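Student: Here is how the chains run, residue by residue.
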Amino acid sequence: MLKYQPVDEVFRALGDPTRRDLVERLSGGPATVSQLASPLDMSLSGVVQHLAVLESCGIVRSEKVGRTRTCRLEPVGLRLAEDWFAGQRALWERRLDRLGEILAGDLATEQSAAAAPEPPSPSRGA
Amino acid sequence: MTRRTAEHGTFTLTRTYPVPPERVFAAWSSQESKARWFGAPASTGYQLDFRVGGTEINRGGPPDGPVYTYEATYRDIVPAERIVYGYVMQADDTLISVSVTTVEFAPAPSGTTLTFTEQGVFLDGADTQAVREKGTGELLDALGTALA
Chain A
1 MLKYQPVDEV FRALGDPTRR DLVERLSGGP ATVSQLASPL DMSLSGVVQH LAVLESCGIV
61 RSEKVGRTRT CRLEPVGLRL AEDWFAGQRA LWERRLDRLG EILAGDLATE QSAAAAPEPP
121 SPSRGA
Chain B
1 MTRRTAEHGT FTLTRTYPVP PERVFAAWSS QESKARWFGA PASTGYQLDF RVGGTEINRG
61 GPPDGPVYTY EATYRDIVPA ERIVYGYVMQ ADDTLISVSV TTVEFAPAPS GTTLTFTEQG
121 VFLDGADTQA VREKGTGELL DALGTALA
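Residue numbers (the working numbering), protein chains in the order written: chain A, 1 to 126; chain B, 1 to 148.
Heads up, some of the hints might be wrong.
Where chain B lies over chain A, by a calculated footprint (3+ residues, C-beta under 8 angstroms) [to be verified]:
#1 81-89
#2 103-114
Residues on chain A that point at chain B, a partial pick, calculated with CB under 7 angstroms [what the hints assert, rightly or not]:
#3 39
#4 42
#5 92
#6 95
#7 98
Note that these hints are calculated values from the structure, not bench results.
None of the values given here were measured: they were computed from a predicted structure.
A virtual CB, placed ideally from N, CA and C, is assigned to each residue, including glycine.
Work the whole structure out from these sequences, hints included.
Tutor: Following this line, the structure appears as structure tokens:
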């Protein structure tokens, strides 16, 4: 099964402009840490720290081959599919409950309407 | 570049209602009765053409976010027993998911047991990609709406 990724953590990670920039650039394909760092006015270790945040919440994963670390985006669909289906399920839970309330409400209305014209009570007209 | 993913999911819900299957089925079979519980404000132009081959359309979304469109086509209708439809969800022009839904109505001692089964494929994490194009800030609103 897919692992649930807390949404808060993802939003916190994407709340930083540098990290958003890194994600944008990785959306075009994998890149090495030095490729990612070169256009940024930042030390390599600073970039590595930002990448670590993205990696810890599952947005990015990296792989070291020799002396080169290559980063790539985790497929977004893998993380979000489970949330999507959970959302659909919750939506339908609410709809089916609302349907139940309406059906029970209609039934109660009919029963009280049916109860109203009951045979006159003995006291009536007496 | 769109990263291609196809994730499959399925879920089943059951409810027992205190009225006969004909009554529960009736709540699904006309636009007027279904609109009462489906959660489709009149402003979204909700439409239901309840017959085999007929379609159902609902639209919504946050004011500044993408327009989510639900479009279903009915494939099997057995009055008071079963409904099967296929549907797609889109965020603006991006396809999010394609699903098959089966609704079964069975007599129960106290009324009707309804079994709702949805089987779908979620494509390309499309919900987020469509939203991300519009900016990270709006992602929160759109996600909240999609999951509301």
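Student: Holds or violated: residue 95 (chain A) as interface residue toward chain B, Cβ cutoff 7 angstroms?
Tutor: 6 angstroms, holds
Student: Let's test the interface hint: is any C-beta of chain B closer than 7 angstroms to that of residue 39 (chain A)?
Tutor: 19 angstroms, violated
Student: In terms of beta carbon proximity below 8 angstroms, does the stretch 81-89 of chain A have 3 or more residues touching chain B?
Tutor: As far as the stretch 81-89 of chain A goes, the hint holds, because 9 residues have Cβ atoms under 8 angstroms from chain B.
Student: Double-check residue 42 (chain A) for me: the hint is only fine if its C-beta lies closer than 7 angstroms to a C-beta in chain B.
Tutor: With a minimum Cβ separation of about 20 angstroms from chain B (threshold 7 angstroms), the hint on residue 42 (chain A) is violated.
Student: Can residue 92 (chain A) be said to touch chain B, with a Cβ gap under 7 angstroms?
Tutor: Holds, about 6 angstroms.
Student: Apply the coverage criterion to the stretch 103-114 of chain A and chain B: a residue qualifies when its Cβ sits closer than 8 angstroms to a Cβ of the chain, and three qualifying residues are needed.
Tutor: Check passed, 4 qualifying residues.
Student: Closer than 7 angstroms between Cβ atoms is the bar; does residue 98 (chain A) clear it against chain B? Give me holds or violated.
Tutor: 4 angstroms, holds
Checked against the numbered hints given earlier, this structure breaks hints 3, 4; the rest are met.
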